[in-house]
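Undergrad: Listed below, chain by chain, are the residues.
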Amino acid sequence: MKPIIEVNGDQSFLVRLGTEISPVIHKRVKQYSQLLSEKKIEGVTSITISYTDVCVSYNPMVINYKELVKKLKSIDIENYSNTSGSVKTLSIPVCYGGNYGPDLNIVAGHNKLSPEEVIRLHSETPYLIYMLGFSPGFVYLGGLNQAIETPRKEVPRQKIEAGAVGIAGNQTGVYPISSPGGWQIIGQTPVKMFDPQRTPPVLIESGDYIKFEPISESEYKRLEEAISEGNYQPVINTQLINEE
Amino acid sequence: MKSSMHIIKPGLFSTFQDLGRVDSQNIGMPVGGVMDAYAMQMANVLVGNQLGEACLETTMQGPALRFNAPALVAITGGQCRVTLNDEEISLNRSFLVNEGDVLELATVTEGLRSYLAVAGGFDIPMVMGSKSTYLRGGIGGWKGRALLPDDVIPLNTVSAHPKPRKVKGGYIPRYPKTIKLRIIAGPERTRFTKDGIYKFLTETYELSPQSDRMGYRFKGPCIGHQDNADIISSGVAMGTIQVPGEGQPIIMMADRQTTGGYTRIAHVIAADLYKLAQMKPGDKVRFVEVHLDEAHRLLREQQATLDTLCIDA
Numbered sequence: 000m001k002p003i004i005e006v007n008g009d010q011s012f013l014v015r016l017g018t019e020i021s022p023v024i025h026k027r028v029k030q031y032s033q034l035l036s037e038k039k040i041e042g043v044t045s046i047t048i049s050y051t052d053v054c055v056s057y058n059p060m061v062i063n064y065k066e067l068v069k070k071l072k073s074i075d076i077e078n079y080s081n082t083s084g085s086v087k088t089l090s091i092p093v094c095y096g097g098n099y100g101p102d103l104n105i106v107a108g109h110n111k112l113s114p115e116e117v118i119r120l121h122s123e124t125p126y127l128i129y130m131l132g133f134s135p136g137f138v139y140l141g142g143l144n145q146a147i148e149t150p151r152k153e154v155p156r157q158k159i160e161a162g163a164v165g166i167a168g169n170q171t172g173v174y175p176i177s178s179p180g181g182w183q184i185i186g187q188t189p190v191k192m193f194d195p196q197r198t199p200p201v202l203i204e205s206g207d208y209i210k211f212e213p214i215s216e217s218e219y220k221r222l223e224e225a226i227s228e229g230n231y232q233p234v235i236n237t238q239l240i241n242e243e
Numbered sequence: 000m001k002s003s004m005h006i007i008k009p010g011l012f013s014t015f016q017d018l019g020r021v022d023s024q025n026i027g028m029p030v031g032g033v034m035d036a037y038a039m040q041m042a043n044v045l046v047g048n049q050l051g052e053a054c055l056e057t058t059m060q061g062p063a064l065r066f067n068a069p070a071l072v073a074i075t076g077g078q079c080r081v082t083l084n085d086e087e088i089s090l091n092r093s094f095l096v097n098e099g100d101v102l103e104l105a106t107v108t109e110g111l112r113s114y115l116a117v118a119g120g121f122d123i124p125m126v127m128g129s130k131s132t133y134l135r136g137g138i139g140g141w142k143g144r145a146l147l148p149d150d151v152i153p154l155n156t157v158s159a160h161p162k163p164r165k166v167k168g169g170y171i172p173r174y175p176k177t178i179k180l181r182i183i184a185g186p187e188r189t190r191f192t193k194d195g196i197y198k199f200l201t202e203t204y205e206l207s208p209q210s211d212r213m214g215y216r217f218k219g220p221c222i223g224h225q226d227n228a229d230i231i232s233s234g235v236a237m238g239t240i241q242v243p244g245e246g247q248p249i250i251m252m253a254d255r256q257t258t259g260g261y262t263r264i265a266h267v268i269a270a271d272l273y274k275l276a277q278m279k280p281g282d283k284v285r286f287v288e289v290h291l292d293e294a295h296r297l298l299r300e301q302q303a304t305l306d307t308l309c310i311d312a
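In order, the protein sequences belong to chains A and B.
Each residue of the first sequence is one higher than the last, beginning at 0 in numbering that gives the first Met the number 0.
Each residue of the second sequence is one higher than the last, beginning at 0 in numbering that gives the first Met the number 0.
The following block holds chain B by itself, in its conformation from the complex (with noise of 0.2 Å):
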């Protein structure tokens, strides 16, 4: 019999997520794909994947699963407590299950995502390019949609399951909820006012709860125009950091569409996103300014480390 893994509870909204669809934003495909990159990745190193290989992505309330075959299994990301037949185990590192053991994660209480990998990865569909679900467009993931009960995902064979591995105590991210982004400044700054862009670099912005996997709204100071907000529609990338008229920030995610129509006044660097990733609604943030060197050496950084963050277990 095929392996897969049975679900008991979807959780509040668990889909299947990889790097995304880099290469078809031409006909206005968004990329999608994994919010938290550096977490799925640190997953898929604990299992012995390749980093890009689609993991769950749970958000906020955990699923519970019931594995029909024996598997390696690691959890990352958004903390949460996690019980294997109501034993509790560690997050951030991996773990052998058994035929007919079930696995359990509860609400998160830091952070906001998870992320499950299973050695060998699901065995789910590749769709143009992806198995990220695009939830939208009701494609990829499992049937284009978020987990529901009793769906049995199939899982790949693996010849022999790697030894378990763990994150050493210093590599494990936190994720605090006043944090500090660093951003690039962005195309249109000139576009907004002298006081506005102090206000942006000086004050607290504060997510809202109208944000998903989409976009993240924030409330705080308005960022004031100095005439409009509008733009003749243009690229926009995760991070990317619009401002509408009311003067409110608008960050991109995910599942963003291709192109924006708003002045962007920034974007927050690509090692930074995981943090992003991990805000609840009522978090802040404070943005401060560097150069893209620097944003460049920093995410040289964080990839370096995932090739040295696992010791065994």
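Only chain A is shown next, with the shape it has when bound in the complex (with noise of 0.2 Å):
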């Protein structure tokens, strides 16, 4: 599919690259907004990925959105030569059940499963960020295993807690600050996806990965006084990759 530009008001264009969630569809977006940020327009004022498209806000009193277009239109993702590169996959530490994951039975009720095959599948492989969006830090990951997709509570809780590992229909993801919703919470991480106070404040991007490592009560106790301490580095692997 050749890349659809459209309006989104007067201050922004979507770049249109797929109708659909999938790996190869994100990784034209990853691409598209790469070559367009190595361009640096003057008058662009960010550049924004989902799951399909990149929206590319603008300043019109900088640029004319005419100009604006035929550059967009420029953009040649076909022909992308940088194949290589470097995946990264963030480690998050989680303490799965009891009063960290009080919907783990829940999950694994629902799916005719123990607790324990619950958090294998669940911290077996890595799941690919597609993109970051709904609060700071908030990950939306693909490739959840289907044996343990299960619906939103019925009832949304008052309060998750920053850090909440979660399952909702066939997403996972992490709470990165204390906020109502409706997930199945299946564990708790100590790792603070998003800090104001760090920098960066979010440790990965879209494109990069996140691994869930299953870790124990005195563990997570351990890890936690080490975060609040300020003594604790993130674990990031960084894989390189050579396409042919």
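I should point out that these hints are in silico values taken from the structure, not numbers from a laboratory.
One thing to keep in mind: the hints can contain errors.
Stated by the list, open to error - The following label-pair restraints were derived from C-beta to C-beta distances:
#1 L11(B) / H109(A): 38 to 46 Å
#2 L200(B) / N144(A): 40 to 48 Å
#3 Q302(B) / A146(A): 53 to 61 Å
#4 G244(B) / S215(A): 41 to 49 Å
#5 K70(A) / R80(B): 46 to 54 Å
#6 Y170(B) / E41(A): 28 to 36 Å
Since the structure is predicted, the reported quantities are computational estimates derived from the model, not experimental observations.
Glycine included, C-beta positions come from ideal geometry on N, C-alpha and C.
Could you fit the two chains together into a complex? Lean on the hints.
TA: Below, the structure written as structure tokens:
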């Protein structure tokens, strides 16, 4: 599909690169936003990516929109040559079940599995981060194992703590700030997905991966203390890729 | 001693806001920032600040403040009775306050939000490139929250106060209870029925009390979809009009999330966002479609007024 450029209000354009959520379209979205940001077009104020499109905000007092559309059309992702790069995977230690994951048994019961199997299936493979949105540091992850999909709670909780790890339908994710929510909470991480005092405030970006690592309650407490004292280094694995 | 402003009464909901965090949307950080950017910039012009300097945004019921040092102050936006040591003073002009002076903003009578600027700006920290308060994240502004009684807000020191200025008569915005908002058709306009689009462009919609800095909900004739209201989550801006399945429009405001999952029927043009920001629950709106060229012309005109609207008081 050729990129389709659409008016999205008087200060942004949408560049549509696909119509479904898939790793292939995600890659096109990433490539487009990469090439666009390399162009450093004066008057472009932000480039925000989502599942199937890139939202390009601009200041119409600095750049004429017709000129911007021409530039957006000139970006050619079909001949994208930069095939080497690296993949970042952030480890998220999670204490599953008990007070940390009050809905683990609901997810297990719904799927006729043991809680241990749910933990294993949830933490077995890394998840691709399609995008961040909703609230700062909230990751939209792909690739939840179908065997542990579970509907949202019928009555959302008033408050879910930052760090809660949950499942909602075919999605899984981590609450970066405490907020109301309807996800089934299966565990808790002491790692701060969003910390405005840290540089950078969010450790990962779209295109990176997240891997959940089951930890015990005592390990959780040890990490929680280390984090509050500033003695914790996030575990990020970087793997170089070189595609032919 | 450092110049400061003591909060006697905080008002209903008073927060510091500037033009927001434009650069951090890729990590899911809402842009946030000021609701009525035009009034905020006008306040900054009156006290000689940069256009984007953070101001105090008040809502409905204004605060009472005591200054512990001289300062040049201006109040713009929603109209309310303002008193300096119990003596009434006018909005839309800058004035000097002295040490110990008490400034009080009463309930707004027209519009919803007023903006208070001080020459030199408030001495509050930048968080992720902005001084804006983002309440849900508990960051920015003053301790990441709305003002409370007895907060003491430090002011930046200025070597000399600029001369007081005022806005020329015809340039003071009015905020009537029924407004017209100009819009640009949105990316999912074809997902609605013909009747739905017709209703959207001809009927009147009323602002619901369930509205805040994140989004405005409207009540009015149902805007029907051809099929359903869901889209794959995609970028939204301030002024984006989403229509969920029930057919009632929601307009995204300053603290909106970065992406939304409902069909976007249209976007309010940038030049009209100030009118939207000053709407109160119960106020009514009609939507009128314009072309992108027209939207940009109107925005240029509006920005240009900021250079010419002030004269010495």
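Undergrad: Is the hinted range of 38 to 46 Å satisfied by the C-beta distance from L11(B) to H109(A)?
TA: 44 Å, holds
Undergrad: Verify the CB-CB distance for Y170(B) and E41(A) against the hinted window 28 to 36 Å.
TA: 30 Å, holds
Undergrad: Is the gap between the beta carbons of K70(A) and R80(B) within 46 to 54 Å?
TA: Hint holds: Cβ distance 51 Å, inside 46 to 54 Å.
Undergrad: Is it true that the C-beta distance of G244(B) to S215(A) lies inside 41 to 49 Å, as the hint says?
TA: 44 Å, holds
Undergrad: Please test the hint of 53 to 61 Å on the beta carbon pair from Q302(B) and A146(A).
TA: 56 Å, holds
Undergrad: Taking the CB of L200(B) and the CB of N144(A), does the distance hold inside 40 to 48 Å?
TA: Holds, since L200(B) and N144(A) (Cβ atoms, about 46 Å apart) stay within the stated range.
Of the hints listed earlier, there is not a single one the structure fails to meet.
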